[in-house]
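There are 2 protein chains.
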Amino acid sequence: MRDFDENNITAAVIDRYKNTPDPRLKKIMTSLVQHLHDFVRDVEPTEAEWGKAIAYLTRTGQLCTDKRQEFILLSDTLGVSMLVDAINHRFAKGITETTVLGPFYVQNPPEAAFGADISGEAKGEPLYIDGSILSEDGKPVANAIVDVWHSDAEGFYDVQLPELEEPTLRARFHTDAQGRFRFWTIVPRYYPIPYDGTVGDMLKATERHPYRPAHVHFMIMADGHETLVTHLFVEGDQYLDSDAVFAVKNSLIRDFTLQAPGVAPDGKKMDTSWRKLHNDFVLAKAVAKKSAPAA
Amino acid sequence: MRDFDENNITAAVIDRYKNTPDPRLKKIMTSLVQHLHDFVRDVEPTEAEWGKAIAYLTRTGQLCTDKRQEFILLSDTLGVSMLVDAINHRFAKGITETTVLGPFYVQNPPEAAFGADISGEAKGEPLYIDGSILSEDGKPVANAIVDVWHSDAEGFYDVQLPELEEPTLRARFHTDAQGRFRFWTIVPRYYPIPYDGTVGDMLKATERHPYRPAHVHFMIMADGHETLVTHLFVEGDQYLDSDAVFAVKNSLIRDFTLQAPGVAPDGKKMDTSWRKLHNDFVLAKAVAKKSAPAA
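Chains as they are written, first to last, in our numbering: chain B, 1 to 295; chain H, 1001 to 1295.
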């Protein structure tokens, strides 16, 4: 076929995928071409504008390293990561809601003992967190893996602080026989996503701010259950209604309640005021996986 | 706003662009978010599939160098480059049709004299090309710039052959007082676009071939006229109906007519057979440029 114009070219390109062996890939390419062409027909880019788009994507790829993933950040700030999250977690009411993993999770965090303090040398307001991991039917889940990580009192994660020698404000716990976990840390702060790259250029040019409201990340894994990736957000944070990555859900906002000096639930004697966060997480039953795609 | 789900997140993201100072950028971001989210809702990617998409885009950016532009190649093979070309060249009947620039144009090609042979050390069937550059009203355009470039008899451009010391099969001519140009070269061959990168991976996974039918590129620039970027394709090429970048137009296919040994139109005596290509190009009048965007 020849002589494609701005209307018939889309069907011609889609037709070129007719021999794709993997039906899933064929569906993806067909939909991609249709939506990408519809976008181009809608905005009618000049050749200079299309050149700028090509240069933007190129620079985004070239900013990626083993410590930085600018395309994930772009996906996050365009709301795509949360959309993919929503599509993949259509859980029943009562299951703890999910939210984005974010760029600061580190594989295989350091193991910590039940009740440990993970704040290391980080200074801040003491925070005691406890709760249980439960199945849909309300039964506690023993020996679940509970990974936690969060920013410090100035909004930085340990991986952003090269002077830190040890993982800090980051650990892996296991629930006890009653499905419980507990630990000490410090209260996290809101922070900006990295905005010195192409994503930052986009945010600045569109007068969007780069901030995320304060939160503690949780990833919870247990046999027979879907892995839960979520946050608990601090009630009252100024960015709850304008999270740069659209990840806030009302069901995940908690009072980190102020406590007077005295004895904490684990018996620890506190000379200063501190904060307390209690939360139970409810895991969905594991879904049978679809068979692997053909290619 | 909070509590976005797979349906209401799109409006929420678009709303985040409401303060964009440049109305053109606001339009582009709004349309991008709408179409990108529609694509995601249509294919419902798993988290693993979205991760593969992120990795694919990252690798595409990282393949780009000053000699290779993999995102342009992706745009070409998805038919987007020709779509952008069509949108930007809605010329009246009678104007020579446009097609993609392609990745092998080099800025400021070597100047060549009227009638020169640009084949250098490249071996192949001799080809004589002549013609005129005309305005819409049929008047010849004197002193127009005529840049030409094409592959050799094995399908390679000079920039792909590191052993070549001089630009070859590539030159800049100027039309004479009667708007004419003429030169000698060799007959080009079909060739594959570079397919050892992410674009090649896509073509292989979808059983698409990487070939472009044989053609000679022209870029023609003249005061008071729109710059014309086009090819002339060789009639009979096996890839005319399946050009990997969707750039073939019937109005641009020509017989490169076989000539017996004898005297060529410029008086040159030919001992072997040779080919002749005559073509007049008609340029559109320059369009008044829109005012620059606000930002």
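Hint data in this document are derived by calculation from the structure and do not stem from the laboratory.
Please read these numbers as outputs of a predicted model, since none were measured by experiment.
Mixed in with the good hints there might be a few duds.
[To be verified] Here are the simulated BS3-like pairs of lysine-lysine, each with C-alpha atoms no more than 30 Å apart in a straight line:
{"hint": "1", "chain 1": "H", "residue 1": "K1018", "chain 2": "B", "residue 2": "K204"}
{"hint": "2", "chain 1": "H", "residue 1": "K1276", "chain 2": "B", "residue 2": "K249"}
{"hint": "3", "chain 1": "H", "residue 1": "K1052", "chain 2": "B", "residue 2": "K249"}
{"hint": "4", "chain 1": "H", "residue 1": "K1123", "chain 2": "B", "residue 2": "K52"}
{"hint": "5", "chain 1": "H", "residue 1": "K1052", "chain 2": "B", "residue 2": "K285"}
{"hint": "6", "chain 1": "B", "residue 1": "K285", "chain 2": "B", "residue 2": "K123"}
{"hint": "7", "chain 1": "H", "residue 1": "K1123", "chain 2": "B", "residue 2": "K27"}
{"hint": "8", "chain 1": "B", "residue 1": "K285", "chain 2": "B", "residue 2": "K93"}
{"hint": "9", "chain 1": "H", "residue 1": "K1276", "chain 2": "H", "residue 2": "K1249"}
{"hint": "10", "chain 1": "B", "residue 1": "K204", "chain 2": "H", "residue 2": "K1052"}
{"hint": "11", "chain 1": "H", "residue 1": "K1052", "chain 2": "B", "residue 2": "K67"}
{"hint": "12", "chain 1": "H", "residue 1": "K1067", "chain 2": "B", "residue 2": "K52"}
{"hint": "13", "chain 1": "B", "residue 1": "K27", "chain 2": "H", "residue 2": "K1027"}
{"hint": "14", "chain 1": "B", "residue 1": "K249", "chain 2": "B", "residue 2": "K285"}
{"hint": "15", "chain 1": "H", "residue 1": "K1123", "chain 2": "H", "residue 2": "K1276"}
{"hint": "16", "chain 1": "B", "residue 1": "K26", "chain 2": "B", "residue 2": "K52"}
{"hint": "17", "chain 1": "B", "residue 1": "K52", "chain 2": "H", "residue 2": "K1276"}
{"hint": "18", "chain 1": "H", "residue 1": "K1268", "chain 2": "B", "residue 2": "K52"}
{"hint": "19", "chain 1": "B", "residue 1": "K26", "chain 2": "H", "residue 2": "K1052"}
{"hint": "20", "chain 1": "H", "residue 1": "K1027", "chain 2": "B", "residue 2": "K204"}
{"hint": "21", "chain 1": "H", "residue 1": "K1285", "chain 2": "H", "residue 2": "K1067"}
{"hint": "22", "chain 1": "B", "residue 1": "K18", "chain 2": "H", "residue 2": "K1249"}
{"hint": "23", "chain 1": "H", "residue 1": "K1052", "chain 2": "B", "residue 2": "K18"}
{"hint": "24", "chain 1": "B", "residue 1": "K27", "chain 2": "H", "residue 2": "K1204"}
{"hint": "25", "chain 1": "H", "residue 1": "K1018", "chain 2": "B", "residue 2": "K249"}
{"hint": "26", "chain 1": "H", "residue 1": "K1052", "chain 2": "B", "residue 2": "K27"}
{"hint": "27", "chain 1": "H", "residue 1": "K1027", "chain 2": "B", "residue 2": "K249"}
{"hint": "28", "chain 1": "H", "residue 1": "K1204", "chain 2": "B", "residue 2": "K52"}
{"hint": "29", "chain 1": "B", "residue 1": "K26", "chain 2": "H", "residue 2": "K1018"}
{"hint": "30", "chain 1": "B", "residue 1": "K67", "chain 2": "H", "residue 2": "K1067"}
{"hint": "31", "chain 1": "H", "residue 1": "K1249", "chain 2": "B", "residue 2": "K204"}
{"hint": "32", "chain 1": "H", "residue 1": "K1204", "chain 2": "B", "residue 2": "K269"}
{"hint": "33", "chain 1": "H", "residue 1": "K1018", "chain 2": "B", "residue 2": "K52"}
{"hint": "34", "chain 1": "B", "residue 1": "K26", "chain 2": "H", "residue 2": "K1269"}
{"hint": "35", "chain 1": "H", "residue 1": "K1026", "chain 2": "B", "residue 2": "K18"}
{"hint": "36", "chain 1": "H", "residue 1": "K1026", "chain 2": "B", "residue 2": "K52"}
[Stated by the list, open to error] Pulled from the structure, derived: some chain H residues nowhere near chain B, Cβ distances all over 12 Å:
{"hint": "37", "residue": "A1012"}
{"hint": "38", "residue": "R1059"}
{"hint": "39", "residue": "T1060"}
{"hint": "40", "residue": "G1094"}
Ideal placement from N, C-alpha and C gives every residue a C-beta, glycine not left out.
Which earlier hints can't be squared with this structure?
-> 2, 4, 6, 7, 17, 18, 21, 29, 31, 32, 34, 35, 37, 38 and 39
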